[in-house]
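J.: The chain contents come next:
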Amino acid sequence: MTKTPKDIAAMSAKIKAFEQKKALKEAEISESSRDKGAVTGFQLSIELVAGVLVGAAMGYFLDSVFNTRPVLLAFLTVLGGAAGVLNIYKSSKEELKD
Amino acid sequence: MANPLEQFEIKPIIPIHTQSFDISFSNSSLAMVISAVSIVLLFGFCLRKRTLIPNLLQSIPEALYEFIYNLVRTNVGKDGLKYFSFIFCLFLFIAFGNLFGLFPYSFTFTSHVAAVGALSVLALLFNIIVGIKKKKLGYLRTFLPKGIPYALAPLVVPIEAISLISKPFSLTVRLVANMTVGHIMLKILGGFVVALGILGVVPLFFQSLIIIFEIFIAILQAFIYTVLSCIYLGDALRSH
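In the order they appear, the protein sequences are chains A and B. First residue of the first sequence: 1, per this note's numbering; consecutive thereafter. First residue of the second sequence: 1001, per this note's numbering; consecutive thereafter.
Everything labelled a hint here was simulated from the structure, so no lab data went into it. Heads up, some of the hints might be wrong.
Claimed, not checked - Straight-line distance between alpha carbons at most 30 Å, and here's what the computed DSSO-like set of lysine-lysine pairs gives: (1) A:K93 <-> B:K1082; (2) B:K1187 <-> A:K90; (3) B:K1146 <-> A:K90; (4) A:K93 <-> B:K1133; (5) B:K1082 <-> B:K1146; (6) A:K21 <-> A:K6; (7) A:K25 <-> B:K1134; (8) B:K1146 <-> B:K1133; (9) B:K1049 <-> A:K93; (10) A:K90 <-> B:K1049; (11) B:K1011 <-> A:K93; (12) B:K1011 <-> A:K90; (13) B:K1146 <-> B:K1135; (14) A:K90 <-> B:K1135; (15) A:K6 <-> A:K25; (16) B:K1146 <-> B:K1134; (17) A:K93 <-> B:K1134; (18) A:K22 <-> B:K1082; (19) B:K1187 <-> A:K93; (20) B:K1134 <-> B:K1078; (21) A:K22 <-> B:K1146.
Since this is a predicted model, take the numbers as computed values, not measurements.
Using the sequences and the hints, build the whole thing.
T.: What follows is the structure, given as structure tokens:
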């Protein structure tokens, strides 16, 4: 029975070592996922710009159809920004799912 | 130093002019034909002896097939497997186009908005047609998701419409920008190698590293393009 405290000490040392290892591993993972996050962020920034550009192009085209320059151009450019944010929201929802 | 943008010039090889269009067979078309033909030849060559247990050559197309198959199944769902052949072709065409463009004196057709944009518009039309076929009039719900008050319709409908149309645009820009930037960088570094004489060994070293990186980018961008068009197609099939 005198052995018990020693066993417990050894066990707790083992647990400590394991926890340290685990923490190290987790730090590594979070670092790599941060890199991945940077890539994703860059990819999504294109989405934002694309929304504004497509909105502006649509506005320009519809203006020349309806002869209302520049009302639709201004309106749809702003909505294009909103559409870009919507696209980012949609793809981040997709990302959070997995 | 040679003009780094010269490599993107489209030069007609066999000029064909109709009354209002220029449909010449250009170096871009040649690159597309070569990449399409090389896909067919590679698959034909690797699969000429089909056995149940694949040998090394046969396992190359099988691995590619399985990779894209799983991609479609996870991103589009079981319903999407009907469209597997379309997505598989899209992936192979873009991947081979990117890789073929890395050979000296070849042409990267994926660096042109016209070529990639046409593929993206194809994906957009595919999305719309599949969506309408599946949900009939309910497809219009895409533009006004459930739970949104009708008073907001004048704002939400244009936003959703722009969101739908801007997706192929961002797909195109992503691939085109990546390919263009990589090739310009390679060309400029190549110019340094020639201009610096014996010291050109230094840029030559970086050049070889960047070539490896570009091969990686070529496959990665083809993969990203495929994944995003899968998700795009999945949107049309899934949303209620």
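J.: The structure should be examined with respect to each hint, and the outcome stated for every one.
T.: Hint check results:
| no. | hint | in the structure |
| --- | --- | --- |
| 1 | A:K93 <-> B:K1082 | holds (25 Å) |
| 2 | B:K1187 <-> A:K90 | violated (37 Å) |
| 3 | B:K1146 <-> A:K90 | holds (15 Å) |
| 4 | A:K93 <-> B:K1133 | holds (26 Å) |
| 5 | B:K1082 <-> B:K1146 | holds (28 Å) |
| 6 | A:K21 <-> A:K6 | holds (23 Å) |
| 7 | A:K25 <-> B:K1134 | violated (46 Å) |
| 8 | B:K1146 <-> B:K1133 | holds (20 Å) |
| 9 | B:K1049 <-> A:K93 | violated (45 Å) |
| 10 | A:K90 <-> B:K1049 | violated (45 Å) |
| 11 | B:K1011 <-> A:K93 | violated (44 Å) |
| 12 | B:K1011 <-> A:K90 | violated (41 Å) |
| 13 | B:K1146 <-> B:K1135 | holds (15 Å) |
| 14 | A:K90 <-> B:K1135 | holds (21 Å) |
| 15 | A:K6 <-> A:K25 | holds (29 Å) |
| 16 | B:K1146 <-> B:K1134 | holds (18 Å) |
| 17 | A:K93 <-> B:K1134 | holds (23 Å) |
| 18 | A:K22 <-> B:K1082 | violated (44 Å) |
| 19 | B:K1187 <-> A:K93 | violated (39 Å) |
| 20 | B:K1134 <-> B:K1078 | holds (14 Å) |
| 21 | A:K22 <-> B:K1146 | violated (45 Å) |
Violation of the numbered hints given earlier is confined to hints 2, 7, 9, 10, 11, 12, 18, 19 and 21; the remaining hints are satisfied by the structure.
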